[in-house]
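Number of protein chains: 2
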Amino acid sequence: MLKAPTHQVAGHQAQNGKLGPLVDDSGLFYKSLQDGGRGSHELAFYTSFSSNPKVPPHIRRFFPEFHGTRLVEASDGSGLLPHLVLGDLTFEKPNPSIMDIKIGSRTWAPQQPKDYIAKCLKKDRGCSSPALGFRLEGVQMYAANETGYWKPERKLVQNLSAAEVGLVLRKFVSSNTPSDCLFAPAIYGGPHGVLSLLLELKAWFEEQTVYHFCACSILVVYDKEIAGRGTVPAGVEIKLVDFAHVLDGRGVIDHNFLGGLCSLIKFISDVLRT
Amino acid sequence: MLKAPTHQVAGHQAQNGKLGPLVDDSGLFYKSLQDGGRGSHELAFYTSFSSNPKVPPHIRRFFPEFHGTRLVEASDGSGLLPHLVLGDLTFEKPNPSIMDIKIGSRTWAPQQPKDYIAKCLKKDRGCSSPALGFRLEGVQMYAANETGYWKPERKLVQNLSAAEVGLVLRKFVSSNTPSDCLFAPAIYGGPHGVLSLLLELKAWFEEQTVYHFCACSILVVYDKEIAGRGTVPAGVEIKLVDFAHVLDGRGVIDHNFLGGLCSLIKFISDVLRT
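Chain order of the listed sequences is A and B.
What the first sequence shows, in my numbering, is residues 5 to 278, in sequence order.
What the second sequence shows, in my numbering, is residues 5 to 278, in sequence order.
Just to be clear, a hint being listed does not mean it is correct.
Since the list gives no way to pick out one identical chain from another, each pair is judged satisfied if it fits inside one copy or across any two copies.
Stated by the list, open to error - Subject to a maximum C-alpha distance of 25 Å in a straight line, what follows is the list of computed SDA-like cross-link-like pairs (lysine to any residue):
1) Lys7 <-> Ser183
2) Lys159 <-> Glu69
3) Lys175 <-> Ser30
4) Lys123 <-> Pro86
5) Lys270 <-> Arg254
6) Lys155 <-> Gln12
7) Lys270 <-> Ser52
8) Lys270 <-> Leu244
9) Lys243 <-> Asp119
10) Lys127 <-> Leu85
For the record, the hints were derived by calculation from the structure and aren't laboratory data.
Computed from a prediction, not measured in an experiment: that's the story for all the values here.
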């Protein structure tokens, strides 16, 4: 009953016999453990996080539900492999619009080997992260009565200028006409909108010294149909994902993540202001 | 009438015929223009900043007064050289306690040449910046009835762990007995204390996209005698200094500076809490 997710904007994809995540029809998302120790590192994070009393209850909603691990048939046909069992963020959203935003001007940890850092620095030079403090990893936007989904090339969105990122953030909450920002008040604004949620997350990052979220993404998900009906909270969700490089905070706040988060908040605020 | 400043904790020093800053007896500080284009870059910043209408008036007090440039006899005896004329931050403070805190986990700009970045990365590895988001560049603390000034070696303070930085921040506001934090409420706390000032600065950095303050320091200055008398504002001052590497913000907040500033704020808050 497992199948490749319909709405994936970043990360490895389960298609043409490649290894990637799977979903079932009960709202679960199965993420195969990545190689090179990253999978076990991510599992260790989920295990630590799910039982850490230092994480306040209201912060847990910014993380995917964690249901342990399960051996399932891998998408690449290589047999039974351990998978993380997580909540499926697009479950019961028929037409989800999604942004995957990798947070932090630096996507590597200072204590990593020189060669690895050199490789990352080279990659970073080809994307928005050093300049903006974050980069778009992938975007899809449901353009209701028009062409279905707008889903620009991943490589393209990773290397946008500040002005271009501003345009994508506007288009993400627009109706068919590009950049009318029709849905900005419902999606970005209001007490349950993206800006409020990001500010709540920011308040935690100003205090918490438990984890450093290196190379993590924030997923922004909403459904235009649900938003259009004017329901609150309009189906807006913010989740942190990808914990293969989370480090011990060692008594210091995650200034790299927080700086990038503040930069993203400024961009979202600017859309709401204009 | 010019002489080397008595209370300098970081930067080049005018002693033994070397080039360094000078002060006069009217409260002015003369900073010789640094070579390699850094001096003219810093002058360009002061000129731009002093007339930039985007800088709110209440933020100007976080920057040294700028009185243009003047040709004065250089401290190294090399003749008349152009100097920036700035306010002397220790003027009329008989026994100033001073911290020079270089802000940002990264002290180089992403667009600088590869070789320069490699050199900076190597230097950064030997100091606190990547881990803490800032580093102490220099400290002096007036220990009233004891030994005069406590002034640890610069090289030593640049490479402290989180726990050690916490200890220095406590000692900086303590009476003779180390770390009693007797002056913490007067210096770090209250409406005119360091924490309030840093929070005000932070609010600006969450918004401003005009400048990126690469490799800048925050100077924290107070006078224990003045603080002891219980006057408000207890002579506490916060100033940004060293603008040889300021860059155009290009529509993005200075996430590198802001992240480090938030980390420093967390450290100061922790001293006030315990």
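Outcome of the hint check:
{"no.": "1", "hint": "Lys7 <-> Ser183", "in the structure": "neither (34 Å within a copy, 61 Å between copies)"}
{"no.": "2", "hint": "Lys159 <-> Glu69", "in the structure": "neither (29 Å within a copy, 46 Å between copies)"}
{"no.": "3", "hint": "Lys175 <-> Ser30", "in the structure": "neither (31 Å within a copy, 57 Å between copies)"}
{"no.": "4", "hint": "Lys123 <-> Pro86", "in the structure": "neither (29 Å within a copy, 43 Å between copies)"}
{"no.": "5", "hint": "Lys270 <-> Arg254", "in the structure": "between (28 Å within a copy, 13 Å between copies)"}
{"no.": "6", "hint": "Lys155 <-> Gln12", "in the structure": "within (10 Å within a copy, 56 Å between copies)"}
{"no.": "7", "hint": "Lys270 <-> Ser52", "in the structure": "between (32 Å within a copy, 24 Å between copies)"}
{"no.": "8", "hint": "Lys270 <-> Leu244", "in the structure": "both (19 Å within a copy, 23 Å between copies)"}
{"no.": "9", "hint": "Lys243 <-> Asp119", "in the structure": "neither (31 Å within a copy, 38 Å between copies)"}
{"no.": "10", "hint": "Lys127 <-> Leu85", "in the structure": "neither (30 Å within a copy, 44 Å between copies)"}
Checked against the numbered hints above, the structure breaks hints 1, 2, 3, 4, 9, 10 and satisfies the rest.
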